[in-house]
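The whole structure should be built from the sequences, with the hints applied where relevant.
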Amino acid sequence: MSYVKGKKMGLQSVKEPVVNPIQNEFDQFWSQRGEWVEEPNVRRGGESGVQRLVMDDGQTLYAKRQTGHIYRSLLHPLGRPTVLREREALEGLRKLGVVVPEVVFCGAERGEDNAWRALLVTVALEGFEEIEKWQAAGGRERHGELFYERVLKEVAATLARMHLGRWQHSCLYIKHIFVRVTGEGPDANVEVALLDLEKGRRRLTAQGAAQHDMKQLRRHSSFSAADWQKLIYFYQAAFGSSIKGLES
1 MSYVKGKKMG LQSVKEPVVN PIQNEFDQFW SQRGEWVEEP NVRRGGESGV
51 QRLVMDDGQT LYAKRQTGHI YRSLLHPLGR PTVLREREAL EGLRKLGVVV
101 PEVVFCGAER GEDNAWRALL VTVALEGFEE IEKWQAAGGR ERHGELFYER
151 VLKEVAATLA RMHLGRWQHS CLYIKHIFVR VTGEGPDANV EVALLDLEKG
201 RRRLTAQGAA QHDMKQLRRH SSFSAADWQK LIYFYQAAFG SSIKGLES
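Numbering (the UniProt record's numbering) for the sequence shown: 1 to 248.
It is worth saying that the hints were derived from the structure and are not from the lab. As the structure is a prediction and not an experimental result, all values here were calculated from the model. Hints may be right or wrong, so weigh each one.
DSS-like cross-link-like pairs, simulated, lysine-lysine; straight-line CA separation at most 25 Å [said to hold, decoys possible]: (1) LYS244 x LYS199; (2) LYS133 x LYS199; (3) LYS153 x LYS95; (4) LYS230 x LYS153; (5) LYS244 x LYS133; (6) LYS175 x LYS95; (7) LYS244 x LYS230; (8) LYS175 x LYS153; (9) LYS175 x LYS230; (10) LYS153 x LYS215; (11) LYS175 x LYS215; (12) LYS153 x LYS244; (13) LYS175 x LYS133; (14) LYS199 x LYS175; (15) LYS215 x LYS133.
Encoded structure:
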């Protein structure tokens with residue numbers, strides 16, 4: 001049985017191992033039921049889905065529930081729940097100053113059938129929305145082109161910070177980049193957050209992480225050619241060197 005948990009209903013997480021894990025805390029979160037925001041899907045030999053939980057104090061949490069949903073690696077040839085890898089990525093990016101969901105609880109256990117049951121509970125990123133949804137709702141027009149360039153610059157700086165720490169998102173689609181804009185007009189403030197780090201991992205080099213993620217983002221985004229050029233300009237300035245093949 002393996003547990004990683006944060007302070008109860010708090011915002012700080014604790015690394016493995018945890019001494020004397022509390023079984024009923026896992027069961028407490030596992031028994032919670034809420035609205036499915038990501039219906040359970042079958043992959044990696046098991047099931048994984050995400051529910052939105054509204055707690056008694058009004059706090060909104062997201063619980064990723066998995067059964068038999070594992071990945072294999074050289075370190076874990078027999079398989080390990082993907083939420084444990086995601087928790088490591090979330091903590092790694094947070095140390096770099098990248099905004100990601102905060103972990104309330106993470107735990108995994110084997111049942112009597114030897115299959116994994118795993119949970120990752122995180123705090124909702126209040127006020128953040130997908131960057132494409134923000135733009136579709138008129139955010140770009142409302143704040144102006146100079147502000148939108150600031151948005152691109154902040155996105156670029158966030159991604160460069162992740163990659164310079166040798167973290168690779170590995171599933172960097174535009175839908176996983178969120179923004180929170182406060183204030184009106186060109187003087188508004190913008191924050192950027194990254195979600196869905198289930199496949200996140202460390203690379204040997206920052207260049208390797210950057211090459212993979214940025215090329216993937218180009219394939220899975222709707223940036224115009226002009227906007228992409230601006231994003232890459234800001235990204236390479238923050239990263240400190242050029243990344244081959246990103247210009248087109």
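Violations among the numbered hints: 5
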